[in-house]
Amino acid sequence: MGIATAATPTELLKSYEAQSGKASPARGEQFFNSKHGKEWSCASCHENPPNHDTKHIVTGKVIKPLAPSANPARFSDDAKVEKWFKRNCNDVLGRECTAQEKADVLSWLMTVK
Amino acid sequence: MHCPRKSRRAVLAYDGEIDPMKLNQLIVVLGTFLVASPSFGANMSMPVNAPASYEAECASCHMAYPPGLLSAKSWENVMANLGKHFGTDASVDPKTQTEITQWLMKNAATRQKYSELAPENRITKTSWFIRKHDEVRADVWKRAGVKSAANCGACHTDAVKGNFSENNIKIPAK
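Chains as they are written, first to last, in the numbering used here: chain X, 1 to 113; chain D, 1001 to 1174.
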């Protein structure tokens, strides 16, 4: 895991786009709400829209809002972002997410009010 | 059964004179004993020296379980397999893994009652957990306000402070 560095959602989005192609918020929203061959979608724990406290689907633990508009701490530390993409993509897709998938989801999350 | 009266008087009264220093010491000793005694075992308070990584890495998805709820060997087993952690990927970097593992093992259950090897490494499968919850009906565990036996705080209102006393229980109605 890399060393924690401060970042902004816009910077992270640019870096994911640089590794893939232009982000599509619409594709990101669809990705977020869909199951990908496993039991859960992103929305299983984060709900849609993810702009409020939600509960972990298994443990009931409160999860703070994922959208940066509702929780400025989100997408502000690239090591943390990478860690959670790795964990949660494994849970939802059974593999790591591609840079394009990350770009799409993040670009949509940045539009959530 | 035949001696207490006389001997108690001997200890407490000391021929009618109580040395205040001795009494203070006695109170401290008794207090320590009571706090640590089994009848007060519902208090599993979180050690004050928990590394920040414990909250950040573990308590994002479930409450920060006091290490005293599992044996050292069970914690070691849990921490050795975080990539497949009860159905989710909870992996952490190696440095953090070592830090959390060492702290959990150092503060793990020591009393025999709590220190069994937990089946499937689950707190909820230990015999003491099952015995303590044997009056909870199956449908109660499934209520939306409970969701899972892993959600201690659903009923144990002070669980985050490590207080599992029967006086601090409120079971969600639905």
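Simulated from the structure, these hints should not be mistaken for laboratory data. Among the clues, some could well be false.
With a Cα cut of at most 35 Å, we get these calculated DSBU-like pairs of lysine-lysine [said to hold, decoys possible]:
hint, chain 1, residue 1, chain 2, residue 2
1, D, 1113, X, 80
2, D, 1106, X, 113
3, X, 83, D, 1142
4, D, 1147, X, 113
5, X, 22, D, 1170
6, X, 35, D, 1106
7, D, 1084, X, 64
8, D, 1113, X, 55
9, X, 64, D, 1095
10, X, 14, D, 1125
11, X, 86, D, 1073
12, D, 1161, X, 83
13, X, 14, D, 1113
14, X, 14, D, 1170
15, D, 1125, X, 83
16, D, 1095, D, 1106
17, D, 1106, X, 86
18, D, 1142, X, 35
19, X, 55, D, 1142
20, X, 80, D, 1106
21, X, 35, D, 1113
22, X, 55, D, 1073
23, D, 1073, X, 83
24, X, 38, D, 1113
25, X, 64, D, 1147
26, D, 1142, D, 1073
27, X, 113, D, 1073
28, D, 1106, X, 64
29, D, 1095, X, 86
One-sided and incomplete, this derived list gives chain X residues near chain D with beta-carbon spacing under 7 Å [stated by the list, open to error]:
hint, residue
30, 54
31, 56
32, 58
33, 68
34, 87
35, 90
36, 91
37, 95
Note that beta-carbon positions come from the ideal geometry of N, C-alpha and C, so glycine has one too.
Hint-by-hint comparison with the structure:
no.: 1; hint: 1113/D - 80/X; verdict: violated, 38 Å
no.: 2; hint: 1106/D - 113/X; verdict: violated, 45 Å
no.: 3; hint: 83/X - 1142/D; verdict: holds, 31 Å
no.: 4; hint: 1147/D - 113/X; verdict: holds, 29 Å
no.: 5; hint: 22/X - 1170/D; verdict: violated, 51 Å
no.: 6; hint: 35/X - 1106/D; verdict: violated, 40 Å
no.: 7; hint: 1084/D - 64/X; verdict: holds, 23 Å
no.: 8; hint: 1113/D - 55/X; verdict: holds, 32 Å
no.: 9; hint: 64/X - 1095/D; verdict: holds, 26 Å
no.: 10; hint: 14/X - 1125/D; verdict: violated, 47 Å
no.: 11; hint: 86/X - 1073/D; verdict: holds, 28 Å
no.: 12; hint: 1161/D - 83/X; verdict: holds, 28 Å
no.: 13; hint: 14/X - 1113/D; verdict: violated, 55 Å
no.: 14; hint: 14/X - 1170/D; verdict: violated, 48 Å
no.: 15; hint: 1125/D - 83/X; verdict: holds, 30 Å
no.: 16; hint: 1095/D - 1106/D; verdict: holds, 17 Å
no.: 17; hint: 1106/D - 86/X; verdict: holds, 29 Å
no.: 18; hint: 1142/D - 35/X; verdict: holds, 24 Å
no.: 19; hint: 55/X - 1142/D; verdict: holds, 15 Å
no.: 20; hint: 80/X - 1106/D; verdict: holds, 27 Å
no.: 21; hint: 35/X - 1113/D; verdict: violated, 43 Å
no.: 22; hint: 55/X - 1073/D; verdict: holds, 30 Å
no.: 23; hint: 1073/D - 83/X; verdict: holds, 27 Å
no.: 24; hint: 38/X - 1113/D; verdict: violated, 38 Å
no.: 25; hint: 64/X - 1147/D; verdict: holds, 18 Å
no.: 26; hint: 1142/D - 1073/D; verdict: holds, 30 Å
no.: 27; hint: 113/X - 1073/D; verdict: violated, 46 Å
no.: 28; hint: 1106/D - 64/X; verdict: holds, 31 Å
no.: 29; hint: 1095/D - 86/X; verdict: holds, 17 Å
no.: 30; hint: 54; verdict: violated, 12 Å
no.: 31; hint: 56; verdict: holds, 5 Å
no.: 32; hint: 58; verdict: holds, 6 Å
no.: 33; hint: 68; verdict: violated, 17 Å
no.: 34; hint: 87; verdict: holds, 4 Å
no.: 35; hint: 90; verdict: holds, 4 Å
no.: 36; hint: 91; verdict: holds, 5 Å
no.: 37; hint: 95; verdict: violated, 11 Å
Violation of the numbered hints given earlier is confined to hints 1, 2, 5, 6, 10, 13, 14, 21, 24, 27, 30, 33 and 37; the remaining hints are satisfied by the structure.
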